[in-house]
Amino acid sequence: MKMHISNTHNAQMEEYIIKKLWEYNHKHGNVDLNPLFISFTDEYGRIIAGLVSRTFWESLEIQYLWVSEEYRKKGLGKQLILQAEKEALNRSCHMAYVDTYGFQAKGFYEKLGYKVYGVLEGYAHHHTRFYLTKQFSKPDSGLVIQDEVTLQPQ
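Read the sequence shown against full-length UniProt numbering and you will find it ends at 154, with the numbers running on by one and no gaps.
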């Protein structure tokens with residue numbers, strides 16, 4: 001047996017290790033791993049807000065949420081989350097989870113019904129990382145999503 005250490009990205013090794021982990025996970029239930037990407041674009045086709053997530057084991061994992069500074073506080077982040085939750089319900093998910101830092105969006109997620117279930121203080125020596133979750137009641141839980149948003153120039 002020999003240990004290998006590298007500071008260089010190895011896509012082949014990464015893919016192999018992830019594949020093997022998911023093979024193991026499948027032994028404990030249908031993983032049903034599906035990506036979910038949602039974005040807003042402006043009139044020029046530029047991405048101004050987006051969400052990167054995935055669903056598996058009947059859960060929505062929100063990985064990244066970003067809104068361009070000039071479009072913040074206009075409801076785009078909320079609509080991205082609500083649309084992701086709606087799609088998660090369509091995929092038979094019963095919960096969502098996300099992590100965020102103290103300087104990011106903890107209050108934003110709490111306003112949308114997410115509850116803190118874990119806190120990691122001292123992250124990178126001076127940040128707090130929060131882990132939040134939200135339980136979905138059922139598909140008719142009242143999630144209302146707008147299909148399109150018209151943004152007014154500032």
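In short, the hints are calculated from the structure, not lab data. Just so it is clear, the structure is predicted and the values come from calculations on it, not from any experiment. Each hint should be verified, as a subset may be incorrect.
[To be verified] So the derived label-pair ranges between C-beta atoms look like this:
#1 HIS127 with ASN34: 18 to 24 Å
#2 ASP42 with LEU21: 37 to 43 Å
#3 GLU15 with GLY102: 20 to 26 Å
#4 MET1 with PHE108: 34 to 40 Å
#5 HIS127 with GLU58: 18 to 24 Å
#6 TYR131 with PHE37: 20 to 26 Å
[To be verified] In silico lysine to aspartate or glutamate, EDC-like type, Cα no more than 16 Å apart, as pairs:
#7 LYS134 with GLU70
#8 LYS134 with GLU61
#9 LYS78 with GLU23
#10 LYS78 with ASP32
#11 LYS134 with GLU110
#12 LYS78 with GLU58
Ideal Cβ placement from N, Cα and C applies to all residues, glycine included.
Hints versus structure:
1. Range check, HIS127 to ASN34: about 31 Å between beta-carbon atoms, so the 18 to 24 Å window is missed.
2. Restraint check, ASP42 to LEU21: a C-beta distance of roughly 39 Å satisfies the suggested window 37 to 43 Å.
3. Range check, GLU15 to GLY102: about 34 Å between beta-carbon atoms, so the 20 to 26 Å window is missed.
4. Taken as a hint, the range 34 to 40 Å is violated for the pair MET1 and PHE108, whose Cβ atoms sit roughly 47 Å apart.
5. Against the hinted window of 18 to 24 Å, the Cβ-Cβ separation of HIS127 and GLU58 comes to about 31 Å, which falls outside the hint.
6. Between TYR131 and PHE37 the beta carbons are some 22 Å apart, a value that agrees with the proposed interval 20 to 26 Å.
7. A distance of roughly 28 Å separates the Cα atoms of LYS134 and GLU70; the hinted pair therefore is violated under the 16 Å criterion.
8. Straight-line distance between C-alpha atoms of LYS134 and GLU61 comes to about 11 Å, which keeps the hinted pair within the 16 Å bound.
9. Under the criterion of a C-alpha separation no larger than 16 Å, the hint pairing LYS78 with GLU23 is inconsistent with the structure, at around 35 Å.
10. Note on LYS78 and ASP32: the hinted pairing is violated, with a Cα-Cα distance of about 26 Å set against a maximum of 16 Å.
11. With a C-alpha separation of about 9 Å, the suggested pairing of LYS134 with GLU110 holds against the 16 Å cut-off.
12. The straight-line distance between the Cα atoms of LYS78 and GLU58 is roughly 22 Å, outside the 16 Å bound, and the hint therefore fails.
In summary, the structure is inconsistent with hints 1, 3, 4, 5, 7, 9, 10, 12 from the numbered list given earlier, while agreeing with the others.
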